[in-house]
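*Asks:* Each chain, written out:
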Amino acid sequence: MMDDERIIDLYWQRKEAAITETKAKYGRRCYAIAYNILRDRSDAEECENDTYMDAWNSMPPHKPTALAAFLGAITRRISLDKWRRKAAQKRGGEFTVSLNELEECIPDGKGIDDRITAASLAEVLNAFLYTLPETECNIFLRRYWHFDSINAICARYGFGQSKVKMMLLRTREKLLTYLEKEEIFV
Amino acid sequence: MKSDKLQDAIGMVNADLVERTEKSKTKHPKFKWTAAVAAMLAIAIGIGAYLGNSSPFAVKAYALAEAEYPTMAGYPTGEMLPGFDDRYAAWREDQKKQRAYRGAGENLDGFFAATVSEFLGGANSENRVYSPLNVYMALAMLAEITDGESRAQILDLLDADSIETLRTQAHSVWNANYSDDGAVTSILASSLWLNEDVAFKQEALDTLAKNYYASSYRGEMGSNELNRALQAWMNKQTGGLLKEYISGIELTPNTVMSLVTTIYFQAKWGTEFSRSQTVDKTFHAASGDVPCKFMQQTITYGSYYWGEHFSAVNKSLKNSGSMWFILPDEGFSIQELLTDSEALAFLSSNGDWENCKSLKVNLSVPKFDVKSKLDLQTGLKNLGVTDCFDADTADFTPLVTKEQPLWLSNVEHGARVVIDEEGVAAAAYTEMRLAGAAMPPEEEIDFVVDRPFLFVITGSDGLPLFVGVVNQP
Numbered sequence: 001m002m003d004d005e006r007i008i009d010l011y012w013q014r015k016e017a018a019i020t021e022t023k024a025k026y027g028r029r030c031y032a033i034a035y036n037i038l039r040d041r042s043d044a045e046e047c048e049n050d051t052y053m054d055a056w057n058s059m060p061p062h063k064p065t066a067l068a069a070f071l072g073a074i075t076r077r078i079s080l081d082k083w084r085r086k087a088a089q090k091r092g093g094e095f096t097v098s099l100n101e102l103e104e105c106i107p108d109g110k111g112i113d114d115r116i117t118a119a120s121l122a123e124v125l126n127a128f129l130y131t132l133p134e135t136e137c138n139i140f141l142r143r144y145w146h147f148d149s150i151n152a153i154c155a156r157y158g159f160g161q162s163k164v165k166m167m168l169l170r171t172r173e174k175l176l177t178y179l180e181k182e183e184i185f186v
Numbered sequence: 001m002k003s004d005k006l007q008d009a010i011g012m013v014n015a016d017l018v019e020r021t022e023k024s025k026t027k028h029p030k031f032k033w034t035a036a037v038a039a040m041l042a043i044a045i046g047i048g049a050y051l052g053n054s055s056p057f058a059v060k061a062y063a064l065a066e067a068e069y070p071t072m073a074g075y076p077t078g079e080m081l082p083g084f085d086d087r088y089a090a091w092r093e094d095q096k097k098q099r100a101y102r103g104a105g106e107n108l109d110g111f112f113a114a115t116v117s118e119f120l121g122g123a124n125s126e127n128r129v130y131s132p133l134n135v136y137m138a139l140a141m142l143a144e145i146t147d148g149e150s151r152a153q154i155l156d157l158l159d160a161d162s163i164e165t166l167r168t169q170a171h172s173v174w175n176a177n178y179s180d181d182g183a184v185t186s187i188l189a190s191s192l193w194l195n196e197d198v199a200f201k202q203e204a205l206d207t208l209a210k211n212y213y214a215s216s217y218r219g220e221m222g223s224n225e226l227n228r229a230l231q232a233w234m235n236k237q238t239g240g241l242l243k244e245y246i247s248g249i250e251l252t253p254n255t256v257m258s259l260v261t262t263i264y265f266q267a268k269w270g271t272e273f274s275r276s277q278t279v280d281k282t283f284h285a286a287s288g289d290v291p292c293k294f295m296q297q298t299i300t301y302g303s304y305y306w307g308e309h310f311s312a313v314n315k316s317l318k319n320s321g322s323m324w325f326i327l328p329d330e331g332f333s334i335q336e337l338l339t340d341s342e343a344l345a346f347l348s349s350n351g352d353w354e355n356c357k358s359l360k361v362n363l364s365v366p367k368f369d370v371k372s373k374l375d376l377q378t379g380l381k382n383l384g385v386t387d388c389f390d391a392d393t394a395d396f397t398p399l400v401t402k403e404q405p406l407w408l409s410n411v412e413h414g415a416r417v418v419i420d421e422e423g424v425a426a427a428a429y430t431e432m433r434l435a436g437a438a439m440p441p442e443e444e445i446d447f448v449v450d451r452p453f454l455f456v457i458t459g460s461d462g463l464p465l466f467v468g469v470v471n472q473p
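So the protein lines, in turn, are chains A and B. Note that the first sequence covers residues 1 to 186 in our numbering. Note that the second sequence covers residues 1 to 473 in our numbering.
Derived from the structure by calculation, the hints contain no laboratory data. Check the hints yourself; a few may be wrong.
Below 30 Å or equal to it, Euclidean Cα-Cα: the simulated DSSO-like pairs (lysine-lysine) are [stated by the list, open to error]:
#: 1; chain 1: A; residue 1: 181; chain 2: B; residue 2: 360
#: 2; chain 1: A; residue 1: 86; chain 2: A; residue 2: 165
#: 3; chain 1: A; residue 1: 181; chain 2: B; residue 2: 5
Can you build the whole structure from these sequences, using the hints too?
*Replies:* Okay, here's the thing in structure tokens:
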């Protein structure tokens, strides 16, 4: 596999080999993220391909420091958008469960202040995540960034289901408290 | 869904957080230190005449009282081991207790600005490091053992209306900056070294022990034993970082008391620099170009600050404060910056600053190890603390039972700051030189610290623990 720096150079040189190399190295990973969200093969493939297009349009000007995370973030965003457009028609499955869990991080009867952008909220989340022990942080992101199922997380970390669920519950509670303190809600 | 924005924000968290989720098993965190800093201030109080015969026996330095620091639960590790939840809860509880002390030093901006300008100014081409908090703590203790005009001058400098106000504030400042949980070490340690031939007032020593966590030791001034004990104590408190300076510190036979305060601070970067991205570049020092290792990192959600003559970015320290890098505009010197009221205000603002923009910051900063030893006597006199230094005017009545001429004979401040990258992560970087510090561009900025700069390291409550001038990394 080509190293990330060279792949990024190919994007900057506007060479289509950039896409081929990206697909070879990160295609499966992007597909997995999309599939976790959409649970549909053709939708996931479409999002994977859209990721390459988006990456092509983003580099330049971007020179990502971590290509895997950069591409994953694109796939995640595209797949979430697609899911939201389709959500009215079909709901259910593991992904919906994880989204419902995230709703618990917002107090009843309140919402996130409209004036707060997702980017500035991400800064608050960064600060919060750095306060967490590494395993707790990793499991939180496996669940709500990658949208892994509880079973997949258990397999990855060698934990039982109840431990993972408890850990996630505790992290969500901490996040709720943290966001309240940061006056994110109105 | 009402969590849509939260879902989106999670997708935008820092890449290093996402990267580490790729590992299948989490390793127990290892503490790698990135910012290791230390400072000490030694104040010697001398008397006019030799005190006479000391004990005929070799006297060992012995401790009269050892300060007891607040207990703090260790940073929890071993998530997979039994009892993790309890250890985590205990740690959080102790962190909360220390947090309650924050904000006590809010009125100290004037003191910080005046002393930074005084002690860091005139550095010419050498590096200088100064710890405002270390000096604050020593001066507060000095105020406790002085009276009359001697004390009033110190209170004025520290902007305190009474010794009681200062005592309460110093106690809170000490606690707000205290951390010893294995992950962040930040201890303002104090000690008193007492001449065994002098009768001291117990009340003064008790006040210093109780409110300033000062240990006291007594022995034969000028003896090897006491000097060794003093140096060992200082080395221990500063993690051995100041050995070079400490080895030269000796108490003379006519020292009545030496008051020594130290600060030792170690913390890990919030996001470590990648060693693979460290490159050889040129630092444009005042004395000429020098080759230097530059650490590089892109801070995706960074903040850029600017003033009329400077620009600045900060990099956060895990579970603690931040390190700030302040660059004077091209054509504007560090010395000019140290007399610029706006820049001085920025140094103690901890980012509470109007001219600030959130954007992606490509930071390039030299690895450095800077140290300096300063004699603060002239500087303190310039700042209005004069009477303590003169045997005719110094008033140390709260300290000793017998009236005798005492004065402050020596005030030495040594400090050292070391930073490096620690850790590995994938990163890429584009270099463009930043010229001037006008309004920043829309989305991204390259902040290349390749000429003399200022830095500030703030602790958990935002107060400046260290401020320094790097003329040559």
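*Asks:* Determine for every hint whether it applies to the structure shown.
*Replies:* Hints and how they fare:
{"no.": "1", "hint": "181(A) <-> 360(B)", "result": "holds (26 Å)"}
{"no.": "2", "hint": "86(A) <-> 165(A)", "result": "holds (28 Å)"}
{"no.": "3", "hint": "181(A) <-> 5(B)", "result": "holds (18 Å)"}
Of the numbered hints listed earlier, not one is contradicted by the structure.
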